[in-house]
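*Asks:* As a plain string of letters, each chain reads:
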Amino acid sequence: MLETWVPVLIFFILVAGFGTVSLVLSYAFGPKKPDARKLSPYECGMRPIGSARERFSVKFYLVAMLFLLFDIEAVFLFPWAVVYRDLKLFGFFEMLLFIVVILAGYIYAWKKGALEWER
Amino acid sequence: MSEYLTSSDFMILMIKIIVIFGGVMGALVYLTWIERKVMARVQMRPGPTRVGPFGLLQPIADGLKFLFKEDVVPANANRFLYIAAPVVSLIPALLSFSVIPFGPWLQVTDLSVGLLFIFAITSLGVYGIVLGGWASNSKYPLMGAMRSSAQMISYELSLTLSVVGVLMIANTLSLNQLVMSQQRTWLGFIPRWNIFLQPVAFLIYVVSAVAETNRLPFDLAESEQELVAGWHTEYSSLKFAMFMLAEYANMVTVSALATIMFFGGWSGPLVGPHWLKAALPTFWFVSKIFLFIFFYVLLRSTIPRFRYDQLMNFGWKVLLPLSLANILATSFVVAIS
Amino acid sequence: MIPASWFLILSAVLFLIGVLGFFLKRNIIALLLSVEIMLNAVNLTFVVFSNQHRQISGQIFVFFVLVVAAAEAAVGLALVIAMFRNRESLNVDRSNLLKW
Amino acid sequence: MIQILFFFFAALAAGAAINVLVQKHVLYSALSLILMLTATSVLFILLGADFLAVIQIIVYAGAIMVLFVFVIMLLNLPVDEDGADRLRWLKFIGIPLGLFFLFLVTATLWNVQAGTGTQSRFVGSPQAIGQSLFTDYLLPFEVTSLLILIALVGAVVFAKKDL
Chain F
5 MLETWVPVLI
15 FFILVAGFGT
25 VSLVLSYAFG
35 PKKPDARKLS
45 PYECGMRPIG
55 SARERFSVKF
65 YLVAMLFLLF
75 DIEAVFLFPW
85 AVVYRDLKLF
95 GFFEMLLFIV
105 VILAGYIYAW
115 KKGALEWER
Chain C
772 MSEYLTSSDF
782 MILMIKIIVI
792 FGGVMGALVY
802 LTWIERKVMA
812 RVQMRPGPTR
822 VGPFGLLQPI
832 ADGLKFLFKE
842 DVVPANANRF
852 LYIAAPVVSL
862 IPALLSFSVI
872 PFGPWLQVTD
882 LSVGLLFIFA
892 ITSLGVYGIV
902 LGGWASNSKY
912 PLMGAMRSSA
922 QMISYELSLT
932 LSVVGVLMIA
942 NTLSLNQLVM
952 SQQRTWLGFI
962 PRWNIFLQPV
972 AFLIYVVSAV
982 AETNRLPFDL
992 AESEQELVAG
1002 WHTEYSSLKF
1012 AMFMLAEYAN
1022 MVTVSALATI
1032 MFFGGWSGPL
1042 VGPHWLKAAL
1052 PTFWFVSKIF
1062 LFIFFYVLLR
1072 STIPRFRYDQ
1082 LMNFGWKVLL
1092 PLSLANILAT
1102 SFVVAIS
Chain U
3 MIPASWFLIL
13 SAVLFLIGVL
23 GFFLKRNIIA
33 LLLSVEIMLN
43 AVNLTFVVFS
53 NQHRQISGQI
63 FVFFVLVVAA
73 AEAAVGLALV
83 IAMFRNRESL
93 NVDRSNLLKW
Chain E
5 MIQILFFFFA
15 ALAAGAAINV
25 LVQKHVLYSA
35 LSLILMLTAT
45 SVLFILLGAD
55 FLAVIQIIVY
65 AGAIMVLFVF
75 VIMLLNLPVD
85 EDGADRLRWL
95 KFIGIPLGLF
105 FLFLVTATLW
115 NVQAGTGTQS
125 RFVGSPQAIG
135 QSLFTDYLLP
145 FEVTSLLILI
155 ALVGAVVFAK
165 KDL
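Here the protein sequences line up with chains F, C, U and E, keeping their order. The opening residue of the first sequence carries number 5 in this note's numbering; numbering runs sequentially from there. The opening residue of the second sequence carries number 772 in this note's numbering; numbering runs sequentially from there. The opening residue of the third sequence carries number 3 in this note's numbering; numbering runs sequentially from there. The opening residue of the fourth sequence carries number 5 in this note's numbering; numbering runs sequentially from there.
Some hints could be false.
Stated by the list, open to error - Simulated restraints on C-beta separations:
| no. | chain 1 | residue 1 | chain 2 | residue 2 | range |
| --- | --- | --- | --- | --- | --- |
| 1 | C | Gln954 | F | Leu101 | 40 to 48 Å |
| 2 | F | Ala20 | E | Gln7 | 21 to 29 Å |
| 3 | C | Pro875 | F | Ala20 | 26 to 34 Å |
| 4 | F | Lys115 | E | Asn115 | 53 to 61 Å |
| 5 | F | Ala20 | C | Val1089 | 36 to 44 Å |
| 6 | C | Leu1062 | F | Thr24 | 33 to 41 Å |
Claimed, not checked - Not close to chain U: a few residues of chain F, all C-beta gaps over 10 Å, as computed:
| no. | residue |
| --- | --- |
| 7 | Thr8 |
| 8 | Phe22 |
| 9 | Pro35 |
| 10 | Lys37 |
| 11 | Asp39 |
| 12 | Leu72 |
| 13 | Ile76 |
| 14 | Phe80 |
| 15 | Phe94 |
| 16 | Phe97 |
| 17 | Glu98 |
| 18 | Val104 |
| 19 | Tyr112 |
| 20 | Gly117 |
| 21 | Glu120 |
| 22 | Trp121 |
Just so you know, these hints were derived from the structure itself, not from any lab. Remember, predicted model here, so these are calculated numbers, not experimental data. The beta-carbon is built from N, C-alpha and C at its ideal position, and this holds for glycine as well.
With the rest of the complex left out, here is chain F (with noise of 0.2 Å):
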C-alpha cells in the first residue's frame, strides 16, 4: 500500500519543485528600482494611517470554532459512510443521535446569536 504513496510524493516534489523556480525566475528576470513610494503599502495613494494589523472582530473566532466542531463531525461522518451498507437501519439511529446532540448545540449558538454576522 505504501506503493501508492510514493507517486504522491513525486508528484509533490515536482510541484514543490516548480513553485521556487518559478519564485528563482521572477527574481532572477524582474528588474529592481525599489523606491519608498513603491514599496509603501497600497492606500489608494493616501498615506497610510496607524498600523495595518488591527484586532478584528471576535466574529472570525466563532465562525472558525463552529467549523472545528462541525468538521468533526463531518469526519465521523465519512467511515460511517463507508460502512453504512452494513450497518443499515443500526447505523441509521446511531448517527441520528450523534446529530441530534451536536444539532442541540448548532441551535443554541444560532439563539445566542453566534451565528448573526451583522452585530
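Let chain F serve as the given structure and place chains C, U and E on it in line with the hints.
*Replies:* Just chains C, U and E, lined up with the frame of chain F:
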C-alpha cells in the same frame, strides 16, 4: 530500490506524471484565455484578438510579462512569509491532481482515501491566503484575507458534508472506484450517475464549490470596489501569477470532483477503433470539466455579488442544515431499501 | 524495515519537547500549542502499537484524541480571548488574581 | 529507502517541534506546528494508517490550527514578552532532567528490538475503522457528541461578550 527506479512501472509512472502535470499546466494557462473570451462575448466585446489568431497566444504573452515585471516586496512586509505564501497556496492546489483519474489509465495514483486526500490538501490552501494577507502588512490584504478564509472554511464544511450522501451510495473513498460505481445504466440508456440520486447534494456542492474557490458571485475576498484586490493586493509579478494559477487550479479541482462524484467521471460512450476507445474516456472527462468551467464563467459574468453577511448567513443557516438533512434523508432511504 | 522502538523514541522526544514547552513558555497560546505537541506524540504511540498488535483499536483512540484536541482548542482559545479582553496580555504569570 | 523516509520526516517533526518553542512570535510557532503535524501524518502513512493520516491533516492542520492562526491574528499579539519571569531557573533544571528522561526511555526501548513496526503492512482502511468505531466503540462515539456539544456551548459563552 534501484531496480524499482529502472523498472518499466516507474517509467510509466513518470510518463503519467509528466503528461498530467504538463496537460494541467497548459489547461490552466489557457483557462485565462477561455475566461476572457467568454466574458467578452457575454458583454458583446471581442476579447483578446491581437496576439496570435483569436488572441490564442495571449496567455503566453501574459506569462512572459509576469516574468519580466518588477518583483516588489513591500517595505514593512514580513519578508519570509510574504515570499512563501504564493508557494504555500500553489502547492496544495496542484498536488490534488496527483489523485484525480483523468481516464481509466491516466491517473498518477489511486489512493484508497483519495477523496479525503483532496479535502485535506485543499484545506491547507487557506494558509496561503491568510499568510499572504497577513505578511503584506497592509489593510486591504489583511481584511481580504480574513474575509476570504472565513468564507472558505464555512463553505468547506457544506462541501464536505454534501459528499457524504454520495459516499453512502458508493461506499468507497477511492476516486477511481467512485467512477466505476457509476458505470452501469438504467433502462439501458440513462447513465447511472449520482446526480440523479443526489440532486440536493449536487446543488449544495456546486454552491459551496463556487464559494470555496472565491469566485463570483461569492468573491467577497477581492470585491474590487471595496478591497482593491483582496489578499493579493500587494503582490506583483510571478508571485501574483502563482496566486492566480492556484485559484484556477482549485477551480479545475472542484469541477473534476463534481464530475467524478456526480457525473460519472470519465465514463461515456466508447466507439471506434482501439486507440479511440483508449482516448475517449479522457476526452469525456475533460469535456465534462470544461462544461463546469463554462458554467463558472457564465455565472461570473451574469450574477451580481452577494453581501458578506448574506454570504455567511446563507452558508451557516441554509446550506449546513440542508446538507445535514440530506445526509439523514439519504441514509434513511438507503437503510430501508 | 523500521523497528517500532524508533517510532517510540521519536514519540518520547516529541512528548518531551511538548512538556518543556509547557513549562518554559509564558504565552498562553504557546502553552496550548505545546499541549497539541504532546497529544500528537501520544497519537503517534497509539498508531505504532496499533500497527504492532495488528489491532485497529489504537487508531480509533487517535480519533477520540483528535476530538478532545479540537474541544480543548475551541474552549481554550475562547478562554484566551476572554482573558485578553480583561488583561491585555497573554502572559500566564500576569493572570494572578486568584493567587494570594 | 523506507528508513531514509523515516529519518527525514522524524527529523522534520522533531525540528519543527523544537522550532515551536524557539520562535518568539507565536504565529511562527503555530506555523511550525503545522509543519510538525504534516510530518507526523507522513509517519502515520509509513505505519499503515492512511485514513488517520488524512484525517489528521483535515482536523489538525485544516481546522484546529486555522482556529489558532485566527485567534493570533484577531488579538494581534505583541512579540512574546518573556521578560523577567520568576520561572527563569526552570530552564536550567528542566532541560537536563528532560534529557535524562529521554535517555532512560531510549535505553529501555533500545533493548526491545524484537517487535518490528512496519514489516507487513497493516492498513487502517476507512472500512476497518468504521466497522470497529460503530460497533465496538459505539458508546465512546456517542459520548463524543456530548463532548462536542459542551465545547460548543462553552466556547460560545466565553467568547461572546454580551449574551
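*Asks:* Can you give the numbers of the hints that this structure goes against, from lowest to highest?
*Replies:* 1, 12, 13 and 14
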